[in-house]
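Given the sequences, and given the hints that come with them, work out the whole structure.
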Amino acid sequence: MRIFLILALASTLSACSNSKSKSDGVNDTNTKAIYELVLRSEVEWTHLNPKRGDLAPKAGTLWGDRKGTEPTGFLLKPTDGFSSPPHIHNVSYRGVVISGVIHNDDPNAGDMWMPSGSFWIQPKGHVHITSAKSNNTIAYVEIEEGPYLVLPPEEHFDSGERPVNVDETNIVWLGASDIKWIDQPEAKASKHGVKMAFLWGSTESGQLNGTFIKLPAGFSGKIISHASSFRAVVIKGLPKYHELGKTEMKTLEPGSYFASMGGGEHTINSDSEEESIFYVRTDGKYEVNSTK
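Using our numbering, you'd call the opening residue of the sequence shown number -13 and step up by one each time.
Be aware that one or more of the hints could be misleading.
With a cut-off of at most 30 Å between alpha-carbon atoms, the simulated BS3-like pairs for lysine-lysine come out as follows [as the list claims (entries may be wrong)]:
(1) K208 x K53
(2) K226 x K271
(3) K208 x K18
(4) K208 x K232
(5) K232 x K37
(6) K208 x K119
(7) K37 x K226
(8) K44 x K18
(9) K208 x K222
(10) K226 x K236
(11) K226 x K44
(12) K236 x K271
(13) K232 x K119
(14) K232 x K222
(15) K271 x K44
Label-pair ranges, simulated between beta-carbon atoms [claimed, not checked]:
(16) W99 x P72: 34 to 42 Å
(17) H33 x N156: 30 to 38 Å
(18) S206 x H142: 47 to 55 Å
(19) R148 x W99: 18 to 26 Å
In short, the hints are calculated from the structure, not lab data.
Positions of the beta carbon are idealized from the N, C-alpha and C atoms, including for glycine.
Below, the structure is given as structure tokens:
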């Protein structure tokens, strides 16, 4: 069994969601963990900026509340050919491209189309535009505080933060032998094994961070959380997920979300022909245990 003990990190996160399809959480009476599951097909879509109506991208909340003050994660769905006017946001956000391509940069910058698996950070107060190509462009966006507002460029300010754009081809994937800040006595390096990519945050205990986890084709096993909050969004692949209390496994399309509060185990099988990639946000340790 390969065990990847990944140090991750801290913040008090909300467990609520605006999606009517998602329950308030399934409580595991054995571990006291609370589970959440939202399939992409169940997401409720609304306009990201109601003032612009159909000219604005659609957004579907996975967890939290964009209009509230707590941390939130949601899906962004722009139309093919969408290009926003120059604008700023009152809060900083992080984004991951799930499908299609997205450009997010200064209004005068040349196009840099980020494909699926790319990652970016947009600081609050910085003037930028966001564009999309493809009829099925979807991205995952998360904020640390709300509400999430779109404001005119005249209100720009320097927050001291700087933007980050990382194309999928520049993501650095680490195997077991490369990760010095985790405890993995039984793990061995393998190009076909579980891999991770560090995206943001701190590896210090008690600090929040975000990573990509890549499960190889044919993976069968569990992600075991020892954290007070563990959230994961499917970025690539069609993994199957065993929901607590159910007999059949559910197929998770990219954009689907699962989580647990207070620890928890997530049983996952990857398709035999395709690897799976998850964006993970957590505030503690978790393990990826392969039974193959």
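Hints versus structure:
1. K208 x K53: violated (34 Å)
2. K226 x K271: Within the cut-off at roughly 23 Å; holds.
3. K208 x K18: holds (18 Å)
4. K208 x K232: holds (16 Å)
5. K232 x K37: Not satisfied, since the Cα-Cα distance of roughly 42 Å exceeds 30 Å.
6. K208 x K119: violated (35 Å)
7. K37 x K226: Violated, because 38 Å separates the two Cα atoms, which is more than 30 Å.
8. K44 x K18: Given pair K44, K18 is violated - Cα atoms ~35 Å apart, limit 30 Å.
9. K208 x K222: holds (18 Å)
10. K226 x K236: holds (5 Å)
11. K226 x K44: Holds, at about 27 Å.
12. K236 x K271: Within the cut-off at roughly 25 Å; holds.
13. K232 x K119: violated (38 Å)
14. K232 x K222: holds (24 Å)
15. K271 x K44: violated (34 Å)
16. W99 x P72: 34 to 42 Å: violated (19 Å)
17. H33 x N156: 30 to 38 Å: holds (32 Å)
18. S206 x H142: 47 to 55 Å: With a Cβ separation near 50 Å, S206 and H142 satisfy 47 to 55 Å, so the hint holds.
19. R148 x W99: 18 to 26 Å: Given about 21 Å between the Cβ atoms, the range holds.
Checked against the numbered hints given earlier, the structure breaks hints 1, 5, 6, 7, 8, 13, 15 and 16 and satisfies all the rest.
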